[in-house]
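S.K.: Each protein sequence line maps, in turn, to chains A and B. Reading the first sequence from the start, the letters are residues 1 to 340 in the working numbering. Reading the second sequence from the start, the letters are residues 1001 to 1338 in the working numbering.
Keep in mind the hints are simulated off the structure, nothing from the lab. Some hints could be false.
Once the Cα atoms are required to be at most 27 Å apart in a straight line, the calculated DSS-like pairs of lysine-lysine come out as [said to hold, decoys possible]: (1) A:207 to B:1322; (2) A:118 to A:207; (3) B:1301 to B:1195; (4) B:1190 to B:1301; (5) B:1123 to A:328; (6) A:86 to B:1301; (7) A:207 to A:189; (8) A:327 to B:1123; (9) B:1322 to A:118.
If the Cβ cut is set under 7 Å, some of the chain B residues that face chain A in the computed set are [to be verified]: (10) 1122; (11) 1138; (12) 1267; (13) 1295; (14) 1299; (15) 1303; (16) 1309; (17) 1315; (18) 1317.
Cβ coordinates follow ideal geometry from the N, Cα and C atoms, glycine included.
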Amino acid sequence: MTSAKKTRRFALPSHLTGPLLILIIAMIYGSLGSEYFLDPASIIFNTGRYIEIGLLALALTFVIINGDIDLSVASILAASAAVMAKLFAAGTPILWCALAAVFTGFILGMINGLIVIKFGLPSLVVTLATLALYRGLTQVLLEDSVVADYPESFVGFDQRLVIGGYPGFPAPLAVFIVASIIFYFILRKANYGLLNVMTGSNASSTKFSGINVNSVRLSAFALSGLVSGICAVMITSRLGSTISNVGLGLELLAITVVVLGGTDIFGGRGTISGTVVALLAIMAVRESLVIQDINGQVQDGAIGLLLILTVLVPRIRSAIVDNRNRKKRFNEAQSQIANH
Amino acid sequence: MAKNSISGVSVLLKKREFGIFIFIVLLLVIFGSLEPRFFRADNLNAILSSVGILMVVGAGQTLVIVTRNIDLSVGSTLGFSAMVMGMVARENPDFPLVGLILIALVAGGVCGLINGLLVSYGKIPSIIATLGTLAIFRGAVFLVSDNVQIDPNDVPQAVINLATTSPIRISWLLIFAIVSILLVHYISSKTLLGKRIYAIGSNPEGAVSRGLSFDRITILVFVSVGVLAGLGGVLYTARYATINPADVGRGLEFDVISAVVIGGTNIFGGSGTAFGTALGCILIGVLSNGLTVVGVSPFWKACATGLLILAAVAIDNFVRRKQEERFLLEIRNQRTAE
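Isolated chain A, as found in the complex (with noise of 0.2 Å):
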């Protein structure tokens, strides 16, 4: 008895056993592809890549929980990148550039949430339409350029070291848990997460609560606004040039994170630590993938397909739990009714 309560207050939470399960059998999959797969350098490299859409999924994550959706951060993060492109291009310093940038993702953001709360429009359309407007936004000042030569101070983020020597700490990596346990606490310590899930589960009580819940939804637009900006300025710095197609369909990956991590898409339930988790996992399958040969439209598949049943084996197991426990009442009542 005293030993079952044990295990079940060790137990993982559900919504981490899914992407924790995947996030295992990548890394089996793909150190049978080769040896240094596990390797802590080339994991601890590889992140590099990530660590934009885990920002992006971080940031995302206060929207989806408030009820809504951002489509366009990959859209801003693309403008953010052209407006620090274009600023550079005419001379002004990188750092100004590198604010400029983020300030752009943030009014970018709030562009959002304002239309989304002052005309009363479900943020799905609207950020449908301002993925469009703000990827347009971003050919009509980039068209067909590729802005380069940027400062040697300015470019490798991504290579730089927090820590040297073997394996060795690089600096998005160090960015990415910083942000991931400020979000944490914001999300589960501080009012304001509270709030999120508030006006997720249920906007209109928390309204007549005395809550201002159009600013909740705005500031989480805001924010995602804000990351997205921050995002370009890290993949200015990782790639060293800037087209009009920087991160293209990124927001479909940083969304699958957030859904694989659990979050409810319908708002009012959500974790960062399932956010990260789940970024790990697809990390952990997109690499092992790359190292099996594997097409990146099929890895893409794959990924489509884990989404999937992960929201769906839970369904499945709690319709099986449901539908056991209705048979067993079943019997009960009718062995009742036989006593009788």
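With chain A fixed as given, assemble chain B onto it according to the hints.
M.R.: Just chain B now, with coordinates in the frame of chain A:
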């Protein structure tokens, strides 16, 4: 007096299709006067062919959105069915045209069935299920084709003829498009099935408590959008004669959903018409072609589409609010009269 003029305006505004129609005419006049080449037969043909593919898929997407769902996987479904059909045609050059079309329809229908089962019995929100299948079906295109594209000389002439030849003055491609729109219009406005689809969309709990099968209607709607996307695959092959695994139907979901939303279908379900969607498709086609012909940099195209969607939903929302206000006012007046 004042009341009369207000109701007159709102009657016109209520005819959502009329507003889009006026806007299309306006665009035609602007583009035509800026660049007479816009009205040349080959240009109009190019617009109509791309609009036709959009219309076929849009007709199905309208039904899906009416039932409060969304299908993000239409582009991949179109690509998958086009690829399956193309591969059959490459292996058997003498395969009859009707057989090829049927294969594409079945392939699309199977994709739709998978979506429908996930959404109905799997109880997965459609946006997540189809986000997943968007990637899965695209992966399937690569798996079946082994990343080899279908070249124009492997596509049978009979298929290509669908886009170029015509029994009457318009091509087969457009006939398919118009028939799809008319069919969806007929089903949604004249049949019991259509009433059920709209009932599920406007009040799912109510509809189910009146004895409608939510699961069956959801599956049916997804299968029909899949079949129509399969037909879209045939038309795509007819128009472009090349099936590249990475390009075929990529990003189509965005244009299709834009057209449906611009056409006045409520994204929260329950209302929307096939004719509205058809006009939305024409609007998108005219706009993107017109901008190019007039000489506006093609880089403005995405901006224009984005603004168009925003304007469409904002106007729609404004009209709906006004109607609600008027409705409340009428009730209040009645109460005070009593």
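S.K.: Report the numbers of all earlier hints that the structure fails to satisfy, in ascending order.
M.R.: 3, 4, 13 and 17
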